[in-house]
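So the sequences go chain by chain: A and U. Counting in the UniProt record's numbering, the first sequence runs from 1 upward without gaps. Counting in the UniProt record's numbering, the second sequence runs from 1 upward without gaps.
Hints in this document: simulated from the structure, not taken from any laboratory. Warning: the hint list may mix true and false statements.
Which copy? The list can't say, so a pair holds if one copy fits it or any two copies do.
Simulated pairs of lysine-lysine, BS3-like, Cα-Cα distance not exceeding 30 Å [said to hold, decoys possible]:
1) Lys-61 <-> Lys-143
2) Lys-128 <-> Lys-354
3) Lys-255 <-> Lys-92
4) Lys-354 <-> Lys-66
5) Lys-8 <-> Lys-354
6) Lys-354 <-> Lys-331
7) Lys-354 <-> Lys-344
8) Lys-340 <-> Lys-354
9) Lys-308 <-> Lys-99
10) Lys-255 <-> Lys-354
2 protein chains.
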Amino acid sequence: MMKSRLTKIFGIDIPIIQAGMAGGPAGAALAAEVSAAGGLGTIGAGYMSPEEIIRQINSVKKQTDKPFAVNLFLPEAEAVFSEDKVYVMQNKLNDFREKLGLEKKKDFSRPSFSFVEQLEAALECGAKHFSFTFGCPPEFVMKKLKKHGATVTGTATSADEAVQLELAGVDVIAAQGSEAGGHRGTFSGDPLSQLTGTIALVPLIADSVSIPIAAAGGIMDGRGIAAAFSLGADGAMLGTAYLTSEESGASKIHKHTLLNSKVPTGLTKGFSGKYARGIQNYMMEELDELAEHLPYPIQHYVTSDIRKAAAEQGRSDMTSMWAGQAYSMSKECQAGALTKQLWKEAMDVVNSLKF
Amino acid sequence: MMKSRLTKIFGIDIPIIQAGMAGGPAGAALAAEVSAAGGLGTIGAGYMSPEEIIRQINSVKKQTDKPFAVNLFLPEAEAVFSEDKVYVMQNKLNDFREKLGLEKKKDFSRPSFSFVEQLEAALECGAKHFSFTFGCPPEFVMKKLKKHGATVTGTATSADEAVQLELAGVDVIAAQGSEAGGHRGTFSGDPLSQLTGTIALVPLIADSVSIPIAAAGGIMDGRGIAAAFSLGADGAMLGTAYLTSEESGASKIHKHTLLNSKVPTGLTKGFSGKYARGIQNYMMEELDELAEHLPYPIQHYVTSDIRKAAAEQGRSDMTSMWAGQAYSMSKECQAGALTKQLWKEAMDVVNSLKF
Numbered sequence: 001m002m003k004s005r006l007t008k009i010f011g012i013d014i015p016i017i018q019a020g021m022a023g024g025p026a027g028a029a030l031a032a033e034v035s036a037a038g039g040l041g042t043i044g045a046g047y048m049s050p051e052e053i054i055r056q057i058n059s060v061k062k063q064t065d066k067p068f069a070v071n072l073f074l075p076e077a078e079a080v081f082s083e084d085k086v087y088v089m090q091n092k093l094n095d096f097r098e099k100l101g102l103e104k105k106k107d108f109s110r111p112s113f114s115f116v117e118q119l120e121a122a123l124e125c126g127a128k129h130f131s132f133t134f135g136c137p138p139e140f141v142m143k144k145l146k147k148h149g150a151t152v153t154g155t156a157t158s159a160d161e162a163v164q165l166e167l168a169g170v171d172v173i174a175a176q177g178s179e180a181g182g183h184r185g186t187f188s189g190d191p192l193s194q195l196t197g198t199i200a201l202v203p204l205i206a207d208s209v210s211i212p213i214a215a216a217g218g219i220m221d222g223r224g225i226a227a228a229f230s231l232g233a234d235g236a237m238l239g240t241a242y243l244t245s246e247e248s249g250a251s252k253i254h255k256h257t258l259l260n261s262k263v264p265t266g267l268t269k270g271f272s273g274k275y276a277r278g279i280q281n282y283m284m285e286e287l288d289e290l291a292e293h294l295p296y297p298i299q300h301y302v303t304s305d306i307r308k309a310a311a312e313q314g315r316s317d318m319t320s321m322w323a324g325q326a327y328s329m330s331k332e333c334q335a336g337a338l339t340k341q342l343w344k345e346a347m348d349v350v351n352s353l354k355f
Numbered sequence: 001m002m003k004s005r006l007t008k009i010f011g012i013d014i015p016i017i018q019a020g021m022a023g024g025p026a027g028a029a030l031a032a033e034v035s036a037a038g039g040l041g042t043i044g045a046g047y048m049s050p051e052e053i054i055r056q057i058n059s060v061k062k063q064t065d066k067p068f069a070v071n072l073f074l075p076e077a078e079a080v081f082s083e084d085k086v087y088v089m090q091n092k093l094n095d096f097r098e099k100l101g102l103e104k105k106k107d108f109s110r111p112s113f114s115f116v117e118q119l120e121a122a123l124e125c126g127a128k129h130f131s132f133t134f135g136c137p138p139e140f141v142m143k144k145l146k147k148h149g150a151t152v153t154g155t156a157t158s159a160d161e162a163v164q165l166e167l168a169g170v171d172v173i174a175a176q177g178s179e180a181g182g183h184r185g186t187f188s189g190d191p192l193s194q195l196t197g198t199i200a201l202v203p204l205i206a207d208s209v210s211i212p213i214a215a216a217g218g219i220m221d222g223r224g225i226a227a228a229f230s231l232g233a234d235g236a237m238l239g240t241a242y243l244t245s246e247e248s249g250a251s252k253i254h255k256h257t258l259l260n261s262k263v264p265t266g267l268t269k270g271f272s273g274k275y276a277r278g279i280q281n282y283m284m285e286e287l288d289e290l291a292e293h294l295p296y297p298i299q300h301y302v303t304s305d306i307r308k309a310a311a312e313q314g315r316s317d318m319t320s321m322w323a324g325q326a327y328s329m330s331k332e333c334q335a336g337a338l339t340k341q342l343w344k345e346a347m348d349v350v351n352s353l354k355f
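The shape of chain A in the complex, shown without the other chains (with noise of 0.2 Å):
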């Protein structure tokens, strides 16, 4: 066994951590799964109520007493927007509502919880381990972690971004590369003018700050694995690999699209207000189109009836369907298994390389 920082701060034998990827694919079946394994399992919870958290904590719990982590999204600033705009909006939708047979709809709903209620459940319920995106966590929060003695593991899509998440105090940085699936974690200027792929983005976070380093984006096998280390990681993070997993909730039709097409992902806006990567598909064409989307999170209410329709419909079209750059290499696998066969295809390769 390599000695990996990470493997000794979580307590866990394989430093692969599964992604926490909100919405539905990362719930405790698949956490517990990987954690069972020997890697550090993620609930995905940044859209769950504090009820679903404990009961998703829970329910790992009973499936395994090794370490798992929480993944949350940090808050922003209040979204500011116009009803107006989403009259514009919902108008629009409201095409893709009657293509799945939905009601048309003027308005949206939301949650009506909080992160720090969200925060505070995971807390209580014994949750050791906490992963953030989008956001530089804040003084009160890191203290209540601390006060926990929990672990906080921050998203940084350039090196600016992890030395502000070494000096907020968090104890690893994810360093994300823009082959990464799902939503970018930028929190610090432009998206688009951050799209460091992980094979630069690594060394540059590594020459920057001293803290643990878990890289992500593109990885799907040991090979990645291995480019992982050589880069100066302490160990790989993985989403796209797990969601074509038995245990991950993402919807059939995501998973079939995963295993079968070959259309490239993009980058859009369309389906939440914030960049995030998918296979390229009729409604994120459609919605990029338009000059403007709602901001984050509101675009995202707006259209969740939508992609929750078209996924149970089986309809590819009209959902979101994240995924990273090299998702053409899934397989249908279980995530324990995959797990482990993750780390011993690292070794073959590390062993394989003879300079």
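Add chain U to chain A, keeping to what the hints say.
Frame of chain A; chain U shown alone:
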């Protein structure tokens, strides 16, 4: 010494290829120094006249008897444009000319030589290794090269392009990740939908072709080279890392900016009509705001005098500052010593990976 298919194919000691950076940086001085150190130096001959190519090749041969390569741009369909559009663009460009004390222009001149004349000059002069960008070499080109016993390296930015190149008979794939500085080699599909990072691209190509791969894009030191091998490449191609070497023909202001700037890179069509990555500056921003550029290579010809004068006047704001995403790792160096050090670093990284 690791067994690499690339060292065998090229007859070199170190599987490090210096990218063929056209427009001045990669002349005989740089190519000869890299080759003499055991890597594969490359003359960036894309914009050179046949006479200049012969001069450069003869100069390399005087300095070393080691193998070297010549990089050329494959010709595309004749660029279509109207004189009206040239007039509009020149009118815009005259603002830059005024700031630089240059004469205003209405027209432009372009070279009188062809790709075939460049190729024949290089072959007659005894060049044995060719690399190509912007396309798949047509059959008559492959025949001519094979008749001379030359090796052919093709540039791919996707697995599809790599397969096309293998079917055309090339010997080596340069897998150009989205991190790479300078021009994108994309020749199949939209260049912006194929911005695949190196960590995703190399395994995807390795799974699709059987010929050797040189990984390019975002590689600046031994960490990147070890990562390239981990991903399944047989060697690494570095451009930006060599730009700040003593032997590079990059302008003083280009070298200074690479060593001192913190501004991110961006992709622009403004300088040449084809997407290329460079450090963001005033001219890039101004030209990117225009709705349309002239097609490649016409846009290159109309902006040439401005970029040349700005570089000579030490102005980083009005010249192309090609750079890969990890350019902030640039160091003042000597190209031969750098080549040897890169390989030593790569070996050290590999030896440190004990899983």
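Here is what the structure says about each hint:
no.	hint	verdict
1	Lys-61 <-> Lys-143	within (25 Å within a copy, 65 Å between copies)
2	Lys-128 <-> Lys-354	between (39 Å within a copy, 29 Å between copies)
3	Lys-255 <-> Lys-92	within (28 Å within a copy, 50 Å between copies)
4	Lys-354 <-> Lys-66	between (35 Å within a copy, 25 Å between copies)
5	Lys-8 <-> Lys-354	both (28 Å within a copy, 16 Å between copies)
6	Lys-354 <-> Lys-331	both (29 Å within a copy, 28 Å between copies)
7	Lys-354 <-> Lys-344	both (17 Å within a copy, 13 Å between copies)
8	Lys-340 <-> Lys-354	both (23 Å within a copy, 17 Å between copies)
9	Lys-308 <-> Lys-99	within (14 Å within a copy, 56 Å between copies)
10	Lys-255 <-> Lys-354	neither (37 Å within a copy, 35 Å between copies)
Going through the hint list in order, the structure does not satisfy hint 10, though it satisfies all others.
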